[in-house]
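K.L.:
In case you want the letters, here they are:
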Amino acid sequence: MNNYFKLIIFGLVIIFLIIVFHYISFLNPLENAVVRLLKPLQEKTYALVLEVKDFNNKWLTKRNLIMENENLEQKLKEFKVSSARVNSLENENNLLKEELRFSKESPLNMIAAKIVTGVSDSLSKSVIINQGLDKDIEEGMAVISGEGIMIGKIYEVYPNYSKVLLLTDNKSKVAATIQNLDKTTGLVEGQFGLSFSMTNIPQDQAIAEGDLIVTSGLEGKIPKDLLIAQVDSVNQIESEFFKTALLSPIISLDNLSYVLVVVP
Amino acid sequence: MWYKILISTIFWALIANIQITLLGGFGDYLASLNLLLVLLVALLFFIDFKWIVYFTILAGAILDIYSSLPFGIFMVSFFIAMAVSDFLLLNFLTNKSFYSLVSVGLSAVIVFNMVFLISTVLVYLFGFSDFFIDRNYWLGLVYQVVNMVLFLSIWFFIVNLFSRQFKPNFIRS
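Protein chains in written order, with the working numbering: chain Y, 1043 to 1306; chain A, 864 to 1036.
Certain hints may be false.
Unchecked claim - Pairs of lysine-lysine, BS3-like flavour, derived with a Cα cap of 27 Å: (1) Y:K1086 x Y:K1177; (2) Y:K1225 x Y:K1215; (3) Y:K1139 x A:K867; (4) A:K959 x A:K913; (5) A:K913 x A:K867; (6) Y:K1081 x A:K867; (7) Y:K1266 x Y:K1156; (8) A:K867 x Y:K1225; (9) Y:K1095 x Y:K1156; (10) Y:K1266 x Y:K1139; (11) A:K959 x Y:K1048; (12) Y:K1156 x Y:K1086.
Unchecked claim - Incomplete in silico selection of chain A near chain Y, CB under 10 Å: (13) T884; (14) I915; (15) A924; (16) F934; (17) D949.
Worth flagging that the hints you see were computed from the coordinates, not collected in a lab. Predicted model, so just to flag it, every value in this text is computed and none were measured. C-beta: ideal position from N, C-alpha, C; glycine also.
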């Protein structure tokens, strides 16, 4: 057997051993050391990427911003009118709650985390955050942006860092509810790191463009009513049992630098 | 020997960092540039294959640590892609012409993607999760091929400026 085939067999054996050692957590200290050593460099590189993107957004989309600003001003006027109505409804609601002796809703417990780096390949989309087992983070916990919008959930946890599967990742699935009259439930699933959609919606449910999608609370570690996205369009084929709603994200998942992990 | 291993380990860690964070952060086109594979193909023409084996496992392992795909997929894909490339280079492409470089580069991209897809499909077939491929994946593959040819052409041109390592004797003879 010549040297080439000896090297190939040797290489495959080494790869096999590395994979086995990884899955029995034998390599955890080494993997942690690699992540820890590369963390400062990756943080700086990631910050640079965000700065360049920010520059691009500020200068090249200026025209769009002016148009958006005009639209927002119009919406603000409408919002002021509805805000007054909401305030009076809230007061009324508080009074009714007091009368019914509702217990006060407990606020969410959250752990702030910095994104060390984003990881993107042709089949997946995730980020690495700088908090892990040391902060009692567990698999399946929801991760939200500073504005309170869900961006993904914890996928793997290590002593000092965790992997967060973004909602757009192909493997991502979150139980969700549409804030329509029927309170329709379904699954928000990622689509190749690019967008996401809500599946398993019964045909008889009424869904409109712009309806908000929130978490349903059916997953043990994800609290109810975390905002996820809004309905962009509905894909309906009458011969099928379920229909699919294509969703548009409320914030961009590509420009995040800090996130919050929601502890149930 | 140990000095070489240390220096090369740091080098590949830096390149992996550029691929994961820098290229991954700048949209679909740049994210499709497989910088590690380009460098491995470029080095295949100059250095001993045992070093290529080490670099391949190292680069794949670093990507696997960060990837949300099942651990080992990048290592296996890089390794088989480079093994096939070296086999082609030794047995079918007898000189170091531009055509050889581009042929090896293209075969590396195709084999890498084939192994990457097959191993991912197999892993998901055993029930870990769902898996679909759409036109974006194939578009990404086309971008990878274009990037590979582009960067290897630049690499060939630069090396030809400073040395005669890539002898264009195939073209002239």
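K.L.:
Decide, hint by hint, whether the structure agrees.
P.N.:
Status of each hint after checking the structure:
1. Y:K1086 x Y:K1177: Holds - the C-alpha atoms of K1177 of chain Y and K1086 of chain Y are around 23 Å apart, at most 27 Å.
2. Y:K1225 x Y:K1215: Distance ~19 Å between K1225 of chain Y and K1215 of chain Y Cα, so the pair holds.
3. Y:K1139 x A:K867: violated, 71 Å
4. A:K959 x A:K913: Since the Cα atoms of K959 of chain A and K913 of chain A sit roughly 19 Å apart, the hinted pair holds (cutoff 27 Å).
5. A:K913 x A:K867: Measuring from Cα to Cα gives roughly 13 Å; hence the hint holds.
6. Y:K1081 x A:K867: holds, 24 Å
7. Y:K1266 x Y:K1156: holds, 24 Å
8. A:K867 x Y:K1225: At roughly 62 Å apart (the allowed maximum being 27 Å), K1225 of chain Y and K867 of chain A break the hint.
9. Y:K1095 x Y:K1156: Holds - the C-alpha atoms of K1156 of chain Y and K1095 of chain Y are around 18 Å apart, at most 27 Å.
10. Y:K1266 x Y:K1139: holds, 19 Å
11. A:K959 x Y:K1048: Answer holds: K959 of chain A to K1048 of chain Y is near 25 Å, not above 27 Å.
12. Y:K1156 x Y:K1086: The hint holds at about 12 Å.
13. T884: holds, 4 Å
14. I915: Holds. Min distance 9 Å.
15. A924: Because about 6 Å separates A924 of chain A from the closest Cβ in chain Y, which is inside the 10 Å limit, the hint holds.
16. F934: holds, 5 Å
17. D949: Holds: closest Cβ of chain Y sits about 7 Å from D949 of chain A, inside 10 Å.
Comparing the model with each numbered hint stated earlier shows that hints 3 and 8 do not hold.
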